[in-house]
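Please work from the sequences and hints to get the whole structure.
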Amino acid sequence: MLDKRNLKALIITLILVMTVSVFSLADNSLIPTAVNAAFRGIFQISASAASAGSDISDPEALKAENEELKKENARLREQLVDYLDTKEENERLRGYYELKEKNKSLKLLPAKVIRRDPNDDFCGFTLDVGSVDSVKINDSVVTENGLVGRISRVDATTCMVTTILSPDARVAAVDKQSGDGGIISGSDSLCSRGMTGMGKLDGDNKIAADDIIVTSGTGGVYPPNLIVGKVRELEFNSYDASQTAVIEPYDDISSITAAAVVIDYMKGSEGE
Amino acid sequence: MKLKIIRYAAYSLEIILLLVLQGTPGLIPEVFGGKPVLLVSFALSIAAVEEVVPSLVFAAVCGALADISAGGTIGFFAVSLTLLCYALCCLTRYYFSGGAAIAVVLCLAATVLILGARFLLFALPQGGAELFVSHYISRMIYTFAATVPLYFLNRFLSDALK
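Note that the protein sequences, when read in sequence, are chains A and B.
Heads up, the first sequence is in the numbering used here, so the first residue is 1 and it goes up one at a time.
Heads up, the second sequence is in the numbering used here, so the first residue is 1 and it goes up one at a time.
Just so you know, these hints were derived from the structure itself, not from any lab.
Glycine included, each C-beta is placed from N, C-alpha and C at the ideal position.
One or more of the hints may lead you astray.
Said to hold, decoys possible - Cβ-Cβ distance ranges computed for the label pairs, FRET-style: (1) A/Ser189 with B/Leu113: 25 to 35 Å; (2) B/Ile5 with A/Leu93: 45 to 55 Å; (3) A/Glu67 with B/Glu130: 49 to 59 Å.
And the structure:
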């Protein structure tokens, strides 16, 4: 085990690894950027293939269509795939357009989910846009149904998203009906149910089930009036006599395949 | 020499495939809240069949890719996988040259060690012990389950392309 040659190899490898590690600390550092850029295309293809396989909603119609397509050549199959991709993108972009109509100050950059790391415990994911597309750390990430998270790391061609299900979320939010404010922050027990929590509530709050929670815009990180979700229930913490509102996002964050990054918005403007 | 190059090229293709498999959303189903860290499985299987120097190189590469995939900063997996694979390689080659059963047991121990260390350093401050029960136990079992077929595959490649 302590053979000199092997030990030397170990020490050299560790020194190289630690040197590379130091250089990878900064955002947009070379090696992670190069690796992510190199694998981005492969991940885009595999993510599209995986999501297409789960989108079959009418097996009988597709089977009949498939029988017809078998008689034709590869050019028609490619056209069908292109058509489905374009149709899906159109529906998604229509949703973002409606979101933007309600929040005219938002500048949205559509993106696709290309990777979900198995070590992420709170449904974080990687998008196929990066700093070359004007994405910055702490930019909000939304779907047509509301807020899903914020950008936690950016390189040239990809970015990582920390979701609102994570304890690191820290979103200043407000109940649209009662006006009570709080901080959105996830936990493992809530995340396993696809939910997040709103804490730091006033003792005399008037939050009720089915109330809609939106971002308040205080703190300047998240634009105001982005929908977070609806209140499922209020939980009482017996240790410190505090309350937490359990919030159910309108999207299943663990399975979204596309999102949009809010690359700019006018601070101080109210959404309509 | 030529066979060695082909063998290492095959390992490199495996790394690319496993990186894509583990990261593609919705491809590998979650089992009791956990998914396998296939790059860790691969590195440990290589350490159990190859010599020290190639084990170190592949461990460092797999660790770096796992770190980049997890958060961008190369660190935990790169260093810990390098050290663990060095120990695993030395144990299987010089102390326990007893074949598949010993190698598999050592791989299990290594999987528990590395993912346990990750829990202690990164997850415990975030979510507490409940994360270990809801995610890490299943992740350890799932990762180890992936190590076993990879071990036999890489052992076959190592024997066939020697």
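* Please write out, lowest number first, the hints stated earlier that are contradicted by the structure. => No numbers; nothing is violated.
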